[in-house]
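The listed protein sequences correspond, in order, to chains W and E. Under this note's numbering, the first residue of the first sequence is numbered 1, with each subsequent residue one higher. Under this note's numbering, the first residue of the second sequence is numbered 393, with each subsequent residue one higher.
Keep in mind the hints are simulated off the structure, nothing from the lab. These numbers were taken from a predicted model, which means no experiment stands behind them. Any given hint might turn out to be false.
Claimed, not checked - Derived, one-sided and incomplete: chain W residues facing chain E with beta-carbon distance under 7 Å:
1) Asn133
2) Val134
3) Arg135
4) Met138
5) Pro141
6) Asn196
7) Ala197
8) Ile200
9) Lys228
10) Phe230
11) Ala251
12) Thr253
13) Ala317
14) Gly318
Stated by the list, open to error - Distance windows between CB atoms, simulated:
15) W:Pro246 / E:Pro421: 51 to 61 Å
16) E:Cys761 / W:Glu161: 36 to 46 Å
17) W:Pro46 / E:Lys785: 45 to 55 Å
18) E:Trp744 / W:Asp226: 49 to 59 Å
19) E:Leu719 / W:Glu21: 32 to 42 Å
20) E:Val575 / W:Glu161: 25 to 35 Å
To be verified - From the structure, some residues in chain E lie toward chain W, with a derived Cβ separation under 10 Å:
21) Pro394
22) Val781
23) Leu808
For every residue, glycine included, the Cβ atom is placed at its ideal position computed from N, Cα and C.
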Amino acid sequence: MAESIKDRVAIIGMGCTNFGELWDKSAGDLMVEAAYEAFEDAGIEPKDVQAAWVGTCHEFSGMAGLGLSVPLRLQYKPVTRVENLCATGSDALRNACYAVAAGIYDIALALGCEKLKDSGFSGLGGAMVGGTNVRPSMTAPGAFAMMATKYFARYGLSAEEGKRMLAHIPVKSHHNGSLNPKAHFQREVTLEQVINAPIIAWPLGLFDCCGVSDGSAAAIVVRAEDAKHFRPDPVYVKALQICVGPGEGIARTEYDYTHVEETYRAGLAAYAEAGIKNPRQEISMAEVHDCFSITEAVIMEDLQFSPRGRVKEDLEAGTFTLEGDLPIQPDGGLKCFGHPIGASGLRMMYEMYKQLQGKAGPRQIKDPKIGLTHNMGGQPPACTVSCLIVGL
Amino acid sequence: MPGITSYGAYIPLHRVERSEFRRAWGGFPIPGERVIANFDEDSITMAVESAIDCLRGIDPKTVDGLFFATTTSPYKERLGASIMAVALDMRRDALTMDISGSLRAGTTAIATALNTVKAGAAKSILVAAADCRIGAPSGDFEQALGDGGAALLLGGDQPIATIEGSYSISDDFSGVWRADGDVFVRSWEDRMVLDEGYSAVLPEAISGLMKDYNIKAGDFAKVVYDCPPDFRRHARVARSLGFDAAQVQDPMFMTVGITGAAMAPMMLVAALEEAKPGDKILLASYGNGADAFLLEVTEEINRVGERRGIKKHLASKRMIANYETYLRWRGLITLEAARRPEKSPTSISAVWRARKQILGLYGARCKSCGTPQYTSPALGGVPIRICVVCQAKDQFEDYRFADKRANIFSFTHDNLAASPDPPVTITVVDFEGGGRAVFDFTDRDPDKVEVGMPVEMTFRKLFFDRGIHNYYWKTRPIRC
Chain W
1 MAESIKDRVA
11 IIGMGCTNFG
21 ELWDKSAGDL
31 MVEAAYEAFE
41 DAGIEPKDVQ
51 AAWVGTCHEF
61 SGMAGLGLSV
71 PLRLQYKPVT
81 RVENLCATGS
91 DALRNACYAV
101 AAGIYDIALA
111 LGCEKLKDSG
121 FSGLGGAMVG
131 GTNVRPSMTA
141 PGAFAMMATK
151 YFARYGLSAE
161 EGKRMLAHIP
171 VKSHHNGSLN
181 PKAHFQREVT
191 LEQVINAPII
201 AWPLGLFDCC
211 GVSDGSAAAI
221 VVRAEDAKHF
231 RPDPVYVKAL
241 QICVGPGEGI
251 ARTEYDYTHV
261 EETYRAGLAA
271 YAEAGIKNPR
281 QEISMAEVHD
291 CFSITEAVIM
301 EDLQFSPRGR
311 VKEDLEAGTF
321 TLEGDLPIQP
331 DGGLKCFGHP
341 IGASGLRMMY
351 EMYKQLQGKA
361 GPRQIKDPKI
371 GLTHNMGGQP
381 PACTVSCLIV
391 GL
Chain E
393 MPGITSYGAY
403 IPLHRVERSE
413 FRRAWGGFPI
423 PGERVIANFD
433 EDSITMAVES
443 AIDCLRGIDP
453 KTVDGLFFAT
463 TTSPYKERLG
473 ASIMAVALDM
483 RRDALTMDIS
493 GSLRAGTTAI
503 ATALNTVKAG
513 AAKSILVAAA
523 DCRIGAPSGD
533 FEQALGDGGA
543 ALLLGGDQPI
553 ATIEGSYSIS
563 DDFSGVWRAD
573 GDVFVRSWED
583 RMVLDEGYSA
593 VLPEAISGLM
603 KDYNIKAGDF
613 AKVVYDCPPD
623 FRRHARVARS
633 LGFDAAQVQD
643 PMFMTVGITG
653 AAMAPMMLVA
663 ALEEAKPGDK
673 ILLASYGNGA
683 DAFLLEVTEE
693 INRVGERRGI
703 KKHLASKRMI
713 ANYETYLRWR
723 GLITLEAARR
733 PEKSPTSISA
743 VWRARKQILG
753 LYGARCKSCG
763 TPQYTSPALG
773 GVPIRICVVC
783 QAKDQFEDYR
793 FADKRANIFS
803 FTHDNLAASP
813 DPPVTITVVD
823 FEGGGRAVFD
833 FTDRDPDKVE
843 VGMPVEMTFR
853 KLFFDRGIHN
863 YYWKTRPIRC
């Protein structure tokens, strides 16, 4: 009989590097920084780690378990590399949690890292490679822009209205990022700047797109009953869900291109696992996969934070700001951190962890109880989505 | 008497004013405009387009052979006709051949197809001719040449025009040529080239035909013959042979340009579009000798269905912005590389395995739930084994999408993606009859793309990389 992960595992230490164009740092540098911050935070030594899962997506960030064990000089431990597109970091954490929950290990390390800026170009490398090379020649912005085109068409928004609706998202995130010394971008932007920015992939402009950066984040997990031996304020895992779609939206005319089925289903599963009945009321805050503004808008609807087709009202009402009912991207999100693929999921979890411990400084949300992280890899008709819930 | 049983043609959408060449280089301006193949077109894609036009209403499985005539085959050692046969959904046992090496390759292909049919080796042969020759920048050829294609179905069954006779001359002369490795057309001194070549040999073949078959100049309803780069010489041939201006088929020099091996076949298609039963037509082509044919139009001409042919393609056009666009599309200047991921090598085995899906644009229809479906070979899931709707396993029948129209469900103009024609427009399309897929959108005006817009499929070249021309299908606005 399958059991829920709820309250069986806790995070007792986390680390997160500054994110940015870190020309002078290697993937190994970043892994060491994130891991040692987590060790110190947990009050453990590297030798206490019994097993590790490392999430990386690109070869620049290291391959196999060796990508982690060599820079950390981990002494002959089991290390597994995890790759699941943008959900890579969250999936590394998920695997570590399961191993601990199974009682195989007492202390496990989950670490995500990506060195994107050694590629020589901006944006992501070629995911979804196929030897036939007949893939449509669009970029990631192009793939997500088609959701915006369709969202505008479906809900009767003119291009101007649609772009103004979406502009609230980067404006909010840049404000949060301006309060975060670890963020890649720490400056505010205005609605008008967002709306009038150069077009990257119509209708998405520059500020509708997240940054591209290097970074790493790490977590130490133990069984829940052991957690308080390490610290008084551990953060407990409530749900760990991954949903990988069959790609039907790319082949079926029923798919509307204005929602992501994988996100919707991952959310349903996570809420069920965590025992959440009313996500909008019970979730205190969330870090979601805002690779593009339209992505975040649609996620709000898929996670049932906003009614279908009505995220515009919540965006205009400021629901998702730090002061709003349901703060989203309190750390600045992918928008301000960029998206070093393997690291993003754990970077999100780092913010939830710090917020739940009341250590988020000027970004501190009042008295949060439950935090959610969400990653979405691939492109709208064929995604791998993670939805993790943690709490006190 | 065997002859032509169907015709079709293709002229790329884009044109450039010849004055643009003078703007760039100065010098002597040639009047009119010329056709420019898009960056994703070449002789193979244009021949496929022509063949599709020719085969409207005709089952490609009934055609016994395909002869591809060109002087600009993308491959020196790989059969263009075999690539085309898959794209055109022809039978595996169709006779395929490329005919090349001469500007009269188009008419040589017609003669060879006709003889094959006469010999009883095939009931019908499709001849598809296309050329995309390049003149060196700043030269006359750059202005005079054009791109296009034509296709003619040859057979004995109810021809629309019988081929009553032919006359051929072989004449070795390096007047205009390209050696192995040459990108650009070379030419000897033009007066000698014309006096001893075109203006001498072409009339010799035409006269020979007329003498053999006892035809007088006035007997022809239309005379169709090649035009040289100096278009004034075209009219001079008519005068020397006693043809009236009204008999002479327009060589489309002012609208298309010289289209190499496809020139005479394209002009013949234009003539057939206007032909009446009983018309006698002269078809002649020059290149290291000359071919001349006597055609007689039959009553069957009236049953030819809808064709885009020359007339509709000619009327459907868009001017490119400038000469620089032409240079970029033909790859004649080296541009700064886009800062995008390097293309991974194309796997011959992966492309071969998926040739039916890639070149033939075949998907599948589930026999269990009836849903037509296409999966891009680049996204995995090819061949389709499990139904995307009902998950039935291996219950499929072939379903071809190449000939289906579709509507744009969503789109984007991607400025970040690398392309010789930015922005890259991508469309998600829903096919009439069912099925959805994502394709690059070509021949589009970015300002006119909208959700719901009807589109059709077009066979194009995605790129050339490491010796491989990677062909696939794209969407485009309904052309005409």
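Status of each hint after checking the structure:
{"no.": "1", "hint": "Asn133", "verdict": "holds (4 Å)"}
{"no.": "2", "hint": "Val134", "verdict": "holds (4 Å)"}
{"no.": "3", "hint": "Arg135", "verdict": "holds (3 Å)"}
{"no.": "4", "hint": "Met138", "verdict": "holds (4 Å)"}
{"no.": "5", "hint": "Pro141", "verdict": "holds (6 Å)"}
{"no.": "6", "hint": "Asn196", "verdict": "violated (15 Å)"}
{"no.": "7", "hint": "Ala197", "verdict": "violated (12 Å)"}
{"no.": "8", "hint": "Ile200", "verdict": "holds (6 Å)"}
{"no.": "9", "hint": "Lys228", "verdict": "violated (46 Å)"}
{"no.": "10", "hint": "Phe230", "verdict": "violated (42 Å)"}
{"no.": "11", "hint": "Ala251", "verdict": "holds (5 Å)"}
{"no.": "12", "hint": "Thr253", "verdict": "holds (5 Å)"}
{"no.": "13", "hint": "Ala317", "verdict": "violated (28 Å)"}
{"no.": "14", "hint": "Gly318", "verdict": "violated (29 Å)"}
{"no.": "15", "hint": "W:Pro246 / E:Pro421: 51 to 61 Å", "verdict": "holds (59 Å)"}
{"no.": "16", "hint": "E:Cys761 / W:Glu161: 36 to 46 Å", "verdict": "holds (39 Å)"}
{"no.": "17", "hint": "W:Pro46 / E:Lys785: 45 to 55 Å", "verdict": "holds (49 Å)"}
{"no.": "18", "hint": "E:Trp744 / W:Asp226: 49 to 59 Å", "verdict": "holds (56 Å)"}
{"no.": "19", "hint": "E:Leu719 / W:Glu21: 32 to 42 Å", "verdict": "holds (35 Å)"}
{"no.": "20", "hint": "E:Val575 / W:Glu161: 25 to 35 Å", "verdict": "violated (51 Å)"}
{"no.": "21", "hint": "Pro394", "verdict": "violated (39 Å)"}
{"no.": "22", "hint": "Val781", "verdict": "holds (6 Å)"}
{"no.": "23", "hint": "Leu808", "verdict": "holds (4 Å)"}
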